[in-house]
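Undergrad: Take the two lone chains and join them into the complex the hints point to.
The listed protein sequences derive, respectively, from chains E and C.
Taking the numbering used here, the leading residue of the first sequence gets 1, the next gets one more, and so forth.
Taking the numbering used here, the leading residue of the second sequence gets 1, the next gets one more, and so forth.
If you are wondering where the hints come from, they were derived from the structure by calculation, not from laboratory data.
Don't take each hint at face value.
Computed footprint of chain E on chain C; a stretch qualifies when at least three of its residues, placed anywhere within it, have a C-beta under 8 Å from a C-beta of chain E [claimed, not checked]:
(1) 134-141
(2) 144-155
(3) 239-245
If you anchor each label on the Cβ, the simulated ranges turn out as follows [claimed, not checked]:
(4) Pro63(E) / Met266(C): 49 to 55 Å
(5) Ala97(E) / Leu18(C): 48 to 54 Å
(6) Glu43(E) / Asn233(C): 35 to 41 Å
(7) Gln62(C) / Glu68(E): 48 to 54 Å
(8) Glu82(E) / Val254(C): 47 to 53 Å
Computed from a predicted model, the values in this text were never measured in an experiment.
Here a beta-carbon is modelled for each residue, glycine too, at the ideal position from N, C-alpha and C.
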Amino acid sequence: MSCRHQVGLVSREAPLISNLSVLENIALIRQYHSRLSRCRAEELARKCLRRLQLEDLAGRRNPSLREEQRFCVMVLRAVMLEDSILVLDRPFEMMPALGESRFLYDIIHKVAEMHRECHVFDYFLNERRYMGGSGHEAENRT
Amino acid sequence: MIYSGMLNVLESIGKKGLQSTRSLRDATSFSYRIFARLFERRAYNSAVSMVLINQIYFTAVQILPLFLTVAVCLSIAFVGIIGEYLLRIGLFSFFGRLLMGFMVTEIAPFVTVLLIALRSSSAINAEIAVMKVNNELNTLAVFRIDIINYLFLPRVISGIVSVVLLTCLFALIVLTCGLIYAGFFFNMSAGDYIAALLESTNFFDLIAMLVKSAVFGFFIVMIPIRYGIRATNELTSIPVAVLNGMVNVFIAIVIIEVLSLVITPMIAKLI
Numbered sequence: 001m002s003c004r005h006q007v008g009l010v011s012r013e014a015p016l017i018s019n020l021s022v023l024e025n026i027a028l029i030r031q032y033h034s035r036l037s038r039c040r041a042e043e044l045a046r047k048c049l050r051r052l053q054l055e056d057l058a059g060r061r062n063p064s065l066r067e068e069q070r071f072c073v074m075v076l077r078a079v080m081l082e083d084s085i086l087v088l089d090r091p092f093e094m095m096p097a098l099g100e101s102r103f104l105y106d107i108i109h110k111v112a113e114m115h116r117e118c119h120v121f122d123y124f125l126n127e128r129r130y131m132g133g134s135g136h137e138a139e140n141r142t
Numbered sequence: 001m002i003y004s005g006m007l008n009v010l011e012s013i014g015k016k017g018l019q020s021t022r023s024l025r026d027a028t029s030f031s032y033r034i035f036a037r038l039f040e041r042r043a044y045n046s047a048v049s050m051v052l053i054n055q056i057y058f059t060a061v062q063i064l065p066l067f068l069t070v071a072v073c074l075s076i077a078f079v080g081i082i083g084e085y086l087l088r089i090g091l092f093s094f095f096g097r098l099l100m101g102f103m104v105t106e107i108a109p110f111v112t113v114l115l116i117a118l119r120s121s122s123a124i125n126a127e128i129a130v131m132k133v134n135n136e137l138n139t140l141a142v143f144r145i146d147i148i149n150y151l152f153l154p155r156v157i158s159g160i161v162s163v164v165l166l167t168c169l170f171a172l173i174v175l176t177c178g179l180i181y182a183g184f185f186f187n188m189s190a191g192d193y194i195a196a197l198l199e200s201t202n203f204f205d206l207i208a209m210l211v212k213s214a215v216f217g218f219f220i221v222m223i224p225i226r227y228g229i230r231a232t233n234e235l236t237s238i239p240v241a242v243l244n245g246m247v248n249v250f251i252a253i254v255i256i257e258v259l260s261l262v263i264t265p266m267i268a269k270l271i
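Excised from the complex, chain C in its bound form (with noise of 0.2 Å):
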C-alpha cells in the first residue's frame, strides 16, 4: 500500500512537470511566432494600424493622470528617503550612483509595468476571452483575417512601446524630483547635480534599462492574450482565464526581473 501510494505520488510529480514542460514549450513557440511575425512587412495594414494606435491610447495615454501621479509621489518618498539616509551616514556623495543604479534602472520599469499590467493585461485578457467564447475569433477566420496580425500583434507593439516610454517618463520624473531635493534640501547646485549624474551613468546599464523594459512589455501582453484564446465556450471560462493569465504575467515580472539582476552583471564583465 505504501509501495502504490509512493508510486501515485511519483506518477502525479512526472504529469505536473510533463504538463509544465509542454506548457512551457508551447509558450516559447507561441512567443516565436508573434515576435517574427513583428518583423514582417505584409502584415501590416491600415486595419492593423488603426487597432495599434487605439491600444497604444488605452495602454499609454489613458494611464497617464494615475501613472504621473504614482511615479511623482514614488519618486518623492524614494528620493526624499534615499537622500536623507545618505546625508546621515555621511555617504552623501552616492546620492547620484543610488539615483542612476536604483532608481532609474531598476525601479523605474518595475513600477510601470506593475501599473501596466494591473490594467492593461487584464483588459487584454478580458477581451480576447470574450472574443473566443462569442466567437468572434471565429469571424476573423471566416473571413481570412489573420488574428495574429489583426488581433495580437498590434497590442503586443503597444505594450513593447508603452512600457518603453513611460519607463523612460518616469525616470525623468525620478530625476526631475531629485534635482528639486538636492536644491532645496540638500543645498546641491543644479550643475553639481547634474555633474553628480553624470559621473553614474553607466551607459550599458540604461540600454540594459530599455531591453528590460521591452521584454517586460512583451510578455505583459503575449501571457494574456495566450490565456484568453484558451477561454471555452462558456462563460464560466472568462473568470478562469483572466485569472490564470494575471497570476501568470505577475510570475512573469518576477522571473523577468530576476533574471535581469543575474544576466545583466555577468554582460557587463564580458563586455
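Isolated chain E, as found in the complex (with noise of 0.2 Å):
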C-alpha cells in the first residue's frame, strides 16, 4: 500500500458521527478537504447516494439505519476521499447477519472509479464467506 494515497477505513472502530445525517456525514470529507461549498459537497453526496439506490437515506442518522445501509453509507464515506484506498476491517462483524460476500463486492464493484485499491481485512475463520464471490480472496488477519 502506497502511503501518499489516503486510507479510507470502513471499520467499527470509525463510526458515523450521529449528530450528522447520512448526507453530512458523507459530504464532510470533501467539504474538509477540498474546502468544497455545503451545496456542492452535498450534491456530490447525493449522486454516491443515488449510486448506491440509497438516496432516501439522506436526511436519516446513524441509529435509524440498518446494518447493511451503514455499511454502505460508510463505505460511501470512505471513497470521498480523492485517490483512496478503501480498507474494509472485518466487514463481517459490521454485518453479522450477512452469510457471504455477495453484497461486499457488489458495493465494491459500485463505487471502483472512486477509489484507487481496495483491501478486506478479516478473521481466517472468515475465509469461506469470502470465497463464494467474484474470485477475490481476502488478505487473512491471523
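TA: Structure representation (C-alpha cells):
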C-alpha cells in the first residue's frame, strides 16, 4: 500500500458521526479536505447515494440505519477521500447476519472508479465466506 | 506512628498540589492551543462554518425566549428596587450610575453567563463525552479531520459571540426598563434619564464588560470540552465528565468575576 495515498477506512472503530445525517457524514470529507461549499459537497454525496440506490437515506441518522445501510454509507464516506485506498476492516463483524460476500463485492464494484485499491481485512475463520464471491480473496488476519 | 501519620498528610497535600499544578498547566496549554487556532485562517472551511452557524443558533438563538423572560423579570425587579431605595434615602441622583456601573457592567454579563453555562456548557460537555465514548473522535482522526478546527473552534467562537451579544441585549433590556420606571414611577423625563446615563457612562467600564463577557464565553466552552475529551471508553464516564466539567465551569465563572473586580480598577487607575 502506498503511503502517499489516503486510507479510507470502513471499520467499527470509525463509526458515523451521530449528530450528522447520512448526507452530512458523506459530504463532510470533501467539505473539509477539498474545501468544497456545503451545497457542492452535498450534491456530490447525493450522487454517490444514488449510485447505490440509497438516496432516501440522505436525511436519516446513524441509529435509524440497518447494518447493511450503515456499511454502504461508511463505504461512500471512505471513497470520498480523493485517490483513496479503501480498507474494509472485518466487514462481517459490522454485518453479522450477512452469510457470504456477494453483497460486499457488489458494493465495492459499484464504487470501483471512486477508489484506487480495495483491501479487506478479516479473521481466518471467515475465509470461506469470501470464496463464494467474484474470485477475490481476502487478506487473512491472523 | 504520629510521625508517619504527619508524613502521610504532608505527602497527600503535596500530591494534591502537584496534581493541581499539572492540571492547571494542561488547562493553560489547551486554552493556548485553541486560542492560537482562532486566528489561523486555514483552520476555517465550509465544514467548520456550518458547525459554527449551528452552534451560534443553539447557543444564542434557541435560548432567546428564556433569556428575554429572565432579563425582563430581573431588570424590572432590580431597577424597581434600586430606584425605590435611592428615592427613599434621597440619593436618586445616583440612579444612572448604579444602572450603568452595576446593572450593565456587572449583573448583565454575570446573569448571561450563568444562563448559557447551565444550558450550553452542559450540552457541549455531554456531546463531546458521548463522541469520545462512541469512538467518533477516532473517526475524525482516521479521516484526518482536526478535532480542534472542526469540533472545538466553532463551539468556542459561538460561546464568545453568544455571551457578548446576549450581554449587550441584557444591558439594553435593563436600560429600557430603567427608562420605563424613570418615566412612570419616578417622574423623570426621557431626556433627563438619557443625560443621567451618559453622565454615568464610563467608556473603559463598557470595554471591560465586553472583554469580561468574551473571557467568560471562552472558558464556559473550553472547560466542558476539556472534561468531555477526558471521558474514557465506558458509558459510566459520561456523567462523571459532565459533573466535573460543570463544577469547574462555575468555579471559573466565580474566579473570572473576582479577578475582573480586582483588575479593572487597577487598570483604570493606570490609564
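Undergrad: Looking only at beta-carbon atoms, does the pair Gln62(C), Glu68(E) fall within the given range of 48 to 54 Å?
TA: violated (36 Å)
Undergrad: I want to verify a distance hint. Is the separation of the beta carbons of Pro63(E) and Met266(C) within 49 to 55 Å?
TA: holds (54 Å)
Undergrad: Should the hint that Glu82(E) and Val254(C) are 47 to 53 Å apart at their CB atoms be regarded as holding?
TA: holds (49 Å)
Undergrad: Closer than 8 Å Cβ to Cβ for three or more residues is the test here. Does the segment 239-245 of chain C pass it with chain E?
TA: Violated: only 0 residues of the segment 239-245 of chain C have a Cβ under 8 Å from chain E.
Undergrad: Closer than 8 Å, Cβ to Cβ, for at least three residues: run that test on the segment 134-141 of chain C against chain E and report holds or violated.
TA: Coverage by chain E holds here, the residue count being 6 at a Cβ distance below 8 Å.
Undergrad: Are Glu43(E) and Asn233(C) spaced within 35 to 41 Å by their CB atoms?
TA: holds (37 Å)
Undergrad: Does the beta carbon distance between Ala97(E) and Leu18(C) stay inside 48 to 54 Å, or does it fall outside?
TA: Given about 52 Å between the Cβ atoms, the range holds.
Undergrad: Mind checking, does the segment 144-155 of chain C have 3 or more residues with a CB under 8 Å from chain E?
TA: Answer holds; 3 residues pass the 8 Å Cβ test.
Going down the numbered hints, you'll see the structure goes against 3 and 7, while the others check out.
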